[in-house]
Amino acid sequence: MASAGLEREETQTMTVREAIREALREEMARDEDVFLLGEDIATMGGVLDVTGDLYEEFGRDRVRDTPISEAGFIGAATGAAATGSRPVAELMFSDFMGVAMEQIMNQMAKMRYMFGGKTEMPVTVRTTEGGGMGAASQHSGTVHTWIAHFPGLMAVAPGTPAAAKGLLKSAIRSNDPVFFFENKMIYEQSGEVPTDAEFTIPLGEANVEREGTDVTVVATQRLVGESLSVAEELDGETSVEVIDLRSLYPLDTDTIVESLGKTGRMVVADESPLSYGVHAEVMARAVENAFYSLDAPIQRVGVPDTHMPFSPSLEGEVLPDGEDVRGAIDRIV
Amino acid sequence: MSTLRIGLIVNPAAGRDIRRLTGGASVVDNYAKERVAECVLAGLDVVPNPPEVLAMPEKAGITDGAIETTPEEVAAGTLDLPIRGSAADTRRAAARLGEECAAIVVLGGDGTSRDVALECRDTPLLLVSTGTNNVVPSAVDGTVAGAAAALLATGAVDDRAVTDRHGMVEARLESGASVRGLAAVELIDRSFVGTRAMVDPADLVGGIVSRANPGEIGLPGIAGALGSISPTEPDAAFLGLREPAEAGRTVNAIAAPGMTAEVGIETHQVLGGEESTTIEVEEAVLGADGERELEVQDEEVEFRSLPGGPRLVAFKRVFAAAAGSGVLEKG
Amino acid sequence: MPAIDLETEDGRNEALRRMYTIRRFDETAAEHFADGEIPGFVHLYVGEEAVGVGACAALEDDDYITSTHRGHGHCIAKGLDPTVMMAELFGKREGYCNGKGGSMHIADVDAGMLGANGIVGAGPPLGTGAALTIDQKGEDRVALSFGGDGSVAQGQFFEAANLASTWDLPVVFLIENNQYGEGTPVGEQHNVDNLSDTAAAYDIPGITVDGMDVVAVNEAVAEARERARDGEGPTFIEAETYRYHGHFEGDEELYRDSAEVEYWRGRDPIDAFAERLMDRGELSEEGFEEMKDEVEATIEEAIEHAHSSTDPEPEEAYDDMFDGEVPDITAFAERLRADGGEQGGEL
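Chains as they are written, first to last, in the numbering used here: chain S, 89 to 421; chain X, 72 to 402; chain E, 31 to 377.
No lab work stands behind these hints: they were computed from the structure.
C-beta: ideal position from N, C-alpha, C; glycine also.
One or more of the hints may lead you astray.
Residues from chain E that keep clear of chain X, each with C-beta distances beyond 10 Å, as calculated [what the hints assert, rightly or not]: (1) E67; (2) G213; (3) T238.
Mimicking SDA-like on lysine to any residue, the simulated pairs with C-alpha atoms at most 25 Å apart in a straight line are [to be verified]: (4) S/K206 - E/Y348; (5) S/K206 - E/T340; (6) E/K167 - S/R113; (7) S/K206 - E/D358; (8) S/K206 - E/F71; (9) E/K122 - S/G205; (10) S/K206 - E/D65.
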């Protein structure tokens with residue numbers, strides 16, 4: 089957050105996990121049409137403890153444990169959203185999304201359009217992504233490209249606690265389907281978060297987390313924090329501008345173009361597989377809109393088109409981190 | 072024709088009507104019916120030279136499935152008969168089996184039993200309950216029914232000694248149409264046959280019963296609260312019902328499966344074999360054994376008991392006779 | 031108040047009129063499809079009219095339905111306007127979806143019609159979701175999901191039925207068994223003898239009714255609706271019926287013989303019901319002819335309206351993706367159109 093904002097706003101230090109829970113709490117208190125549903129989110133508080141004590145606070149009608157039945161409860165959330173509810177579904181691991189994909193791609197994404205705009209679809213789907221905890225291939229994927237690619241769906245993937253809170257609140261208030269991708273490795277990451285219940289971050293806006301002049305790093309999720317550390321390390325040597333992309337769709341082309349106008353060099357760092365991913369789209373927008381600002385080939389940092397392996401030595405190999413970002417910067421600066 | 076042949080009728084539609092929504096009626100799925108039919112076929116093997124089996128074909132595959140499991144000694148096949156999945160199938164099959172068989176085993180409820188009784192001539196019937204509104208058929212294991220059928224068909228037990236003629240009742244319109252029931256013909260306050268089964272016991276406004284006992288379900292149970300009539304008596308009872316609050320007399324009865332009710336009695340009339348009673352009906356549906364059959368508007372309806380009901384096999388007496396004769400002893 | 035009260039003479043006449051309207055709407059749609067005026071696919075409801083009308087008559091006006099790819103009958107039964115429907119079939123802006131949906135996606139959410147649906151089995155989860163809203167808000171209404179026999183083999187049907195029964199949600203699953211899932215007989219797609227047997231897996235009641243009898247369907251849905259409203263959860267109703275036309279218009283129907291079609295036509299739900307109303311003195315031959323003429327006029331008017339309706343402007347293709355304008359779509363559209371419709375022009 090810009091320092092000018094911090095002076096005006098009351099903030100509190102909290103983790104990404106707490107920021108998400110706080111956003112849920114505030115929106116449930118604000119609007120009784122908001123309710124949560126998902127696997128083990130009530131009495132258990134969520135498999136990664138995100139919903140926590142919300143069940144105790146709001147009761148079983150507002151925090152609903154579902155069967156292990158992604159097509160069923162994502163479909164029910166879709167039908168509920170079309171009839172005046174504002175459901176927030178938790179899809180425990182994004183790797184399970186395939187089970188629910190029919191309802192997502194043919195119903196949730198298309199109903200408004202097919203019906204000529206005559207329905208709202210205010211549904212939020214929260215889901216976890218990313219490797220780093222040895223959970224192997226079926227519990228570590230980063231699939232947000234699917235959603236960002238599919239017309240009719242919005243996708244956000246915050247990299248800081250403040251972004252997590254502000255984006256989730258906007259997602260819940262939105263009349264469109266929004267997927268909220270939570271990288272599991274940053275739940276414990278702390279930061280200053282505005283406490284104002286009306287604080288939100290618009291969908292479709294990236295944020296310059298650190299200004300710089302030599303190279304732009306467009307990062308998402310865990311790689312935002314890692315890129316900021318790299319920028320800090322390179323301070324005095326290379327001036328690195330770090331952007332938290334925050335929204336994958338809509339995509340904030342203007343902020344990217346503006347930054348490129350300043351730096352002329354760009355690294356895109358995102359944990360999805362490299363081919364056909366978020367990287368490719370950010371690069372395409374840069375090439376389409378800021379080709380003549382470019383001074384060097386754009387670099388991308390991500391998973392080299394493998395699944396997430398189990399053994400820590402293997403997982404460490406393919407999981408992108410700050411070192412990879414630094415290597416990419418070194419190649420073009 | 073051959074006395075060494077028994078008939079088998081399984082009604083695939085029995086026990087699955089709308090009363091699953093309105094009362095506590097149990098569901099008898101086709102898997103369960105197939106198992107009962109398999110037991111019937113297995114039971115035939117109780118005699119050294121078991122009779123052949125001729126079964127009604129049906130689309131659900133219950134009979135075919137059961138026949139596949141028939142013991143080697145038993146020859147089983149199905150009638151060559153076009154089927155359409157309605158009660159008419161049962162009636163046509165009953166007519167044919169009545170001609171060709173020494174006894175017919177029927178898996179169904181009161182409705183199925185009636186359909187068979189109307190067409191089976193005088194062939195002894197072994198009625199096994201797999202329906203909803205079961206006043207007439209017995210809740211016996213299929214094997215018991217199969218064994219009893221084998222004992223009758225092979226002549227090991229004399230069917231005249233172990234069958235009783237069950238009464239029947241009828242409602243006849245001036246226009247000539249009539250509805251016949253085994254245990255009861257009901258007058259139902261509805262406009263249409265609709266889903267056939269009687270949806271709401273509160274719709275029952277009267278009718279006639281061939282038997283009455285407070286332990287029975289529906290109209291025979293209501294009539295039974297006022298006086299018993301055994302199934303073999305020629306007497307019948309005619310009832311007119313009304314709202315309990317408006318009636319001078321009320322009884323508690325088992326109104327439907329899963330449902331007891333206080334029922335108001337307007338009229339109760341025991342009719343001897345030759346007697347009848349006639350009422351004016353503005354709009355109602357006549358039912359038989361719990362199923363709506365005929366829509367009636369502005370007609371005089373005559374209710375009476377009917378001679379010549381079906382011969383039903385008393386299972387216990389079959390086995391008592393068999394034991395007495397030593398037919399089940401080896402060597 | 032049920033939408034159409036079949037306990038009354040007026041209600042019965044209205045039910046007959048609705049069934050006949052569906053019949054003529056679809057037969058007329060078939061002609062205009064064959065003439066090439068209606069694009070895409072059309073799946074006709076002819077023969078199944080008693081199911082849609084019997085069911086929707088038992089619902090109240092603010093109840094929800096979800097539909098199938100064979101949805102015209104459900105729409106008319108639910109009270110949608112044939113004129114606006116026909117405009118949609120013709121791809122016109124005056125249609126229910128402004129020409130964006132067509133035959134397979136007609137919807138009128140305000141009227142409780144949550145959409146025809148091109149995906150077999152997709153309706154039940156949506157109906158379950160509508161029932162979830164009803165449950166959350168404590169509303170006095172229900173949802174009914176139509177599905178074909180094919181939908182009962184879909185995993186998402188299983189999941190919806192399990193969720194709805196686990197949570198006792200006020201939803202009715204009405205399965206129209208028209209004997210064929212596309213071109214394959216029901217018996218070759220399901221191992222249960224009656225599709226309603228599957229209800230046992232969810233511990234909900236399952237019954238099979240005669241789908242050619244509007245009164246039978248109506249009674250069953252009325253009872254299921256009562257159960258739903260009383261908090262007793264979902265009900266599975268299988269209505270046995272038949273489609274006279276192919277799976278889609280143009281289907282060669284190699285999978286069935288004409289004798290079978292003739293048998294079912296002999297049980298025609300409209301003829302049978304009209305005959306009963308005549309027997310009861312509630313409808314005369316002349317009255318029925320008059321009703322038919324009125325329906326014919328309605329359908330002719332719908333066709334005329336469709337012919338005089340306007341094609342959507344091409345740039346309307348970019349509308350309605352989201353609640354508001356999304357800059358990405360706007361930018362792509364502007365670039366595309368600036369080049370005269372060719373993608374990837376000069377920079």
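Okay, the hints, checked on the actual structure:
1. At roughly 39 Å, the least C-beta separation between E/E67 and chain X is larger than 10 Å, which holds for a residue marked as non-interface.
2. A cut-off of 10 Å between C-beta atoms confirms that E/G213 is not in contact with chain X; the least separation is 20 Å.
3. For E/T238, the condition that its CB be more than 10 Å from all CB atoms of chain X is violated, with the nearest at approximately 6 Å.
4. Restraint check for S/K206 and E/Y348: the C-alpha separation of about 15 Å stays at or below 25 Å, so the hint holds.
5. A distance of roughly 19 Å separates the Cα atoms of S/K206 and E/T340; the hinted pair therefore holds under the 25 Å criterion.
6. Only pairs whose Cα atoms come within 25 Å are accepted, and E/K167 paired with S/R113 is accepted, the gap being roughly 19 Å.
7. This hinted pair checks out: S/K206 and E/D358 have alpha carbons roughly 22 Å apart, not beyond 25 Å.
8. Using a Cα cut-off of 25 Å, the hinted pair S/K206 and E/F71 holds, with the two alpha carbons roughly 22 Å apart.
9. Our distance criterion of 25 Å between C-alpha atoms is met by E/K122 and S/G205, whose separation comes to about 15 Å.
10. A distance of roughly 30 Å separates the Cα atoms of S/K206 and E/D65; the hinted pair therefore is violated under the 25 Å criterion.
The structure shown violates the earlier hints numbered 3, 10.
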